[in-house]
Amino acid sequence: MPTATQEDRLSETFAALANSTRRAILAHLAKSAASVNELAEPFEMTLPAISKHIKVLERAGLVIRGQQAQFRPCALDAAPLEEIATWAEQYRPVWESRLDRMDEYVRQLLEAQPRERGTR
Amino acid sequence: MTDENASPALVIERIFDAPAGLIWQMWTRPEHFKSWYGPEGAAIPVAKLDVRVGGTRFVCLEMPSPHGPMRMWFTGEYKEVVDNQRLVYTESISDEHGNIPTTSDTPAPDSHPITTEVRVELQDLGGRTKMVLTHAGIPEDSPGAIGWAMALDKLAAHAEAPDVR
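Protein chains in written order, with the numbering used here: chain S, -2 to 117; chain X, 49 to 213.
Calculated from the structure, these hints are not laboratory results. All clues stand as given, with none of them false.
Just so you have them, the derived chain S footprint on chain X, three or more residues with Cβ under 8 Å: (1) 57 to 63; (2) 66 to 75; (3) 80 to 93; (4) 175 to 184.
Computed from a predicted structure; not experimentally measured. Cβ atoms here follow ideal geometry from the backbone N, Cα and C, with glycine treated the same way.
Starting from the given sequences, assemble the full structure and let the hints guide the process.
Below you can see the structure in the form of structure tokens.
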């Protein structure tokens, strides 16, 4: 199970992703790195508004920024996405054993009422 | 993603040797749901399943512990209900009144700020049933966790192979 800090980071990642503009920014960055100006282009938004979104993504570790003073291009860092995958996977054994029990229970029900379906 | 199976959502596929109508009842009828859902040794004293879009789901899990039975409460809402075919609901840890602690509250050590969404899809294979279960995390204010997770899945694939469009 993840530690409290990992959980915090995960919820930060989830929160960062819970916004269609930010997801669109990530989709753009998945194809190539881009400057803030380039990222702002497809959106009817001011530069400061876009910058704010990028800062959220940066804090969540989903975007890294270059150091060139003028452009500071943004790039995608997919590592937090892998953490989400790991987080999702921790539920696998829980669900697998639940579904084992469901399977067992359904068999019992059908055996108790063999006429409910034709063949077994 | 480095691992091609890595997905922001958990996906499990199973085939049951039972008709879809019966598998549907496993999810929607409290008396059936209680029989399989809890972990081994647990009981489900409460399962209110108001199975309709916008309806509330409220489940209590009771587990034995050295200090006596420990109860955990979960609540959520049904998002999609298509009889014998598709069920989508959200789930959050709640208190015994069904109140979800908000992320702005001081997080208790075992509080879980993340809401999850569960999608169950059933396909009738003529007496047998294929079930695809998808479980994804969402922040509370986000609609449609699983669509969201799938979009991310594509995004991650893009990130790995940007030249393969």
